[in-house]
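**Student:** Spelled out from the first residue to the last, the chains are:
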Amino acid sequence: MAARVRALETILVQKGLIDPAAIDVIVDIYETKVGPRNGAKVVAKAWTEPDYAGWLKKDATAAIASLGFTGRQGEHMQAVFNSDDTHNLVVCTLCSCYPWTVLGLPPVWYKAPPYRSRAVIDPRGVLEEFGLTLPPQKKVRVWDSTAELRYLVVPQRPAGTDNWDAERLAELVTRDSMIGTGLAKEPVAA
Amino acid sequence: MNGPHDLGGQMGLGPVTPEKNEPIFHAEWEKRALGVTLTAGAMGHWSIDESRHARENRHPVDYLSSSYYEIWIKGLEALLERHGFVTGRDLAKGRAVDPAATPKRVLKAADVPAALARGGPCDRPATAPARFKAGDRIMTRNFSPTGHTRLPRYARGKHGVIESVHEAHVFPDSNAHGQGENPQWLYTVVFDGREIWGDDADPTLTLSVDAWESYLEPV
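Sequences listed follow chains A and B, in order.
Residue numbering for the first sequence follows my numbering, starting at 33 and increasing by one per position.
Residue numbering for the second sequence follows my numbering, starting at 404 and increasing by one per position.
Chain A on its own, in the form it takes in the complex (with noise of 0.2 angstroms):
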């Protein structure tokens, strides 16, 4: 694959189609500037402002524009909450729909077969491949990315961070959190 994607590359530079340059800039924003750290972000203001998370609730696309983050697969968003009743789980089982401009690029697994075959069938079997098990109690809820709304899973804030300010709640969010699959982290005693 290598040498057929580099034959490509080398075609349309020949052509004058594409700019190798623009490349790099694109593969530099998504290895070091959007990433699942613009997400975290969110969330944890999400949990200490509670202005801040009603907006999201209501327009996840214009309070998620505010802190910065917009553009490629990322133009209409929703944010999801999980509470005590309810565990949301995102997928794309007809591609790879993700929300890169809160999350980045999504990983292998998420484009794969077996998650995208059985997290709408099988969702409480698919966190248990995370590590993840849901109280038998605790609905499921799985919103499949049909079209450009991208979803953002926010996570229930761990108990024990009461005293804890934005910057340091959003360690506790991880990625897989966001997309459903885990939970935010539980805090370390320090």
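Simulated from the structure, these hints should not be mistaken for lab results.
No residue lacks a Cβ here, since even glycine has one placed at the ideal position from N, Cα and C.
Just so you know, not all the hints are guaranteed correct.
[To be verified] Subject to a maximum C-alpha distance of 27 angstroms in a straight line, what follows is the list of computed BS3-like cross-link-like pairs (lysine-lysine):
1) A:217 <-> B:423
2) A:143 <-> B:536
3) A:171 <-> B:536
4) A:90 <-> B:477
5) A:171 <-> A:47
6) B:477 <-> A:47
7) B:536 <-> A:65
[Unchecked claim] Ranges of calculated distance between the beta carbons of each label pair, as one might list FRET restraints:
8) A:217 <-> B:562: 26 to 32 angstroms
9) A:219 <-> B:583: 24 to 30 angstroms
10) B:601 <-> A:166: 18 to 24 angstroms
11) B:405 <-> A:217: 56 to 62 angstroms
12) B:422 <-> A:39: 24 to 30 angstroms
13) B:521 <-> A:46: 27 to 33 angstroms
14) A:65 <-> B:527: 25 to 31 angstroms
15) B:464 <-> A:45: 31 to 37 angstroms
16) A:217 <-> B:492: 51 to 57 angstroms
17) B:620 <-> A:160: 34 to 40 angstroms
18) B:424 <-> A:160: 17 to 23 angstroms
19) B:566 <-> A:94: 16 to 22 angstroms
20) A:167 <-> B:523: 36 to 42 angstroms
Following the hints, put chain B in place on chain A, whose structure we already have.
**Tutor:** Chain B alone, transformed into the frame defined by chain A:
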């Protein structure tokens, strides 16, 4: 199309294998595959819907045995050939042999951050009032189009409830085939797990799809 990409509910594909400390890219070529796909798309000659269809419109054996970046590259080659930018001879030789169509634009490195931050919103002005409102009971249509669609097979011919009404969005089923954006109202439709999978389904499960208006019938 009832293609290999429509994976919801299929069995036998094995366990999910999360990777600890997964790198963003697993090989140098994946970086170039991402960049070539995005820069070629930025020429402006095909929509995201057409590119999705180019990826899914593959033999199932090929689709299921390719990594996602491989699927992207195979889809991209098809798009470039279809739109006159690359020929089979170019690809066979691994260098530019034949002349190419003239691109509408070429994305320059300096313009990348702004282009990515802008993205490509898909909402459009609605041409008619929304047919459904939150709480309405609906049935999804049962169909098997040979072209692109975003209603998964598992969600066809099923009873559900409109949970929310979004804006009018570009309709992928026509846009993927160069037949216009034809914006339609978009809804989040929620189903009981047992409606989709039968009596053995997890009784706590609900699932939703985002569905364009023409996918839905009132009940």
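**Student:** Each hint should be assessed against the structure and marked as holding or not.
**Tutor:** Tested hints:
1. Distance check on the hinted pair: residue 217 of chain A and residue 423 of chain B sit about 15 angstroms apart at the alpha-carbon level, within 27 angstroms; holds.
2. Between the alpha carbons of residue 143 of chain A and residue 536 of chain B the distance comes to roughly 33 angstroms, so the proposed pair goes past 27 angstroms and is violated.
3. As the CA atoms of residue 171 of chain A and residue 536 of chain B are separated by approximately 25 angstroms, the hinted pair is consistent with the 27 angstroms bound.
4. Between the alpha carbons of residue 90 of chain A and residue 477 of chain B the distance comes to roughly 39 angstroms, so the proposed pair goes past 27 angstroms and is violated.
5. Straight-line distance between C-alpha atoms of residue 171 of chain A and residue 47 of chain A comes to about 54 angstroms, which puts the hinted pair past the 27 angstroms bound.
6. Only pairs whose Cα atoms come within 27 angstroms are accepted, and residue 477 of chain B paired with residue 47 of chain A is accepted, the gap being roughly 19 angstroms.
7. About 39 angstroms separates the Cα atoms of residue 536 of chain B and residue 65 of chain A, which puts this hinted pair outside 27 angstroms; it is violated.
8. Take residue 217 of chain A and residue 562 of chain B: their Cβ atoms lie about 39 angstroms apart, and the range 26 to 32 angstroms is violated.
9. As the Cβ distance of residue 219 of chain A to residue 583 of chain B is approximately 53 angstroms, the hint placing it in 24 to 30 angstroms is violated.
10. With their beta carbons about 21 angstroms apart, residue 601 of chain B and residue 166 of chain A fall inside the hinted range of 18 to 24 angstroms.
11. At roughly 41 angstroms, the beta carbons of residue 405 of chain B and residue 217 of chain A sit outside the given window of 56 to 62 angstroms.
12. Residue 422 of chain B and residue 39 of chain A have their C-beta atoms about 29 angstroms apart, which keeps the hinted 24 to 30 angstroms range intact.
13. Taken as a hint, the range 27 to 33 angstroms holds for the pair residue 521 of chain B and residue 46 of chain A, whose Cβ atoms sit roughly 28 angstroms apart.
14. Checked against the hint of 25 to 31 angstroms, the C-beta distance between residue 65 of chain A and residue 527 of chain B comes to roughly 30 angstroms, which is consistent with it.
15. For residue 464 of chain B and residue 45 of chain A, the Cβ-Cβ distance of about 32 angstroms falls inside the hinted range of 31 to 37 angstroms, so the restraint holds.
16. In this structure the supplied range 51 to 57 angstroms holds for residue 217 of chain A paired with residue 492 of chain B, their Cβ-Cβ distance being about 54 angstroms.
17. The hint said 34 to 40 angstroms for the Cβ distance between residue 620 of chain B and residue 160 of chain A, and at roughly 37 angstroms that hint holds.
18. With their beta carbons about 21 angstroms apart, residue 424 of chain B and residue 160 of chain A fall inside the hinted range of 17 to 23 angstroms.
19. Taken as a hint, the range 16 to 22 angstroms holds for the pair residue 566 of chain B and residue 94 of chain A, whose Cβ atoms sit roughly 20 angstroms apart.
20. In this structure the hint that residue 167 of chain A and residue 523 of chain B lie 36 to 42 angstroms apart at CB holds, the actual value being about 41 angstroms.
Checked against the numbered hints given earlier, this structure breaks hints 2, 4, 5, 7, 8, 9, 11; the rest are met.
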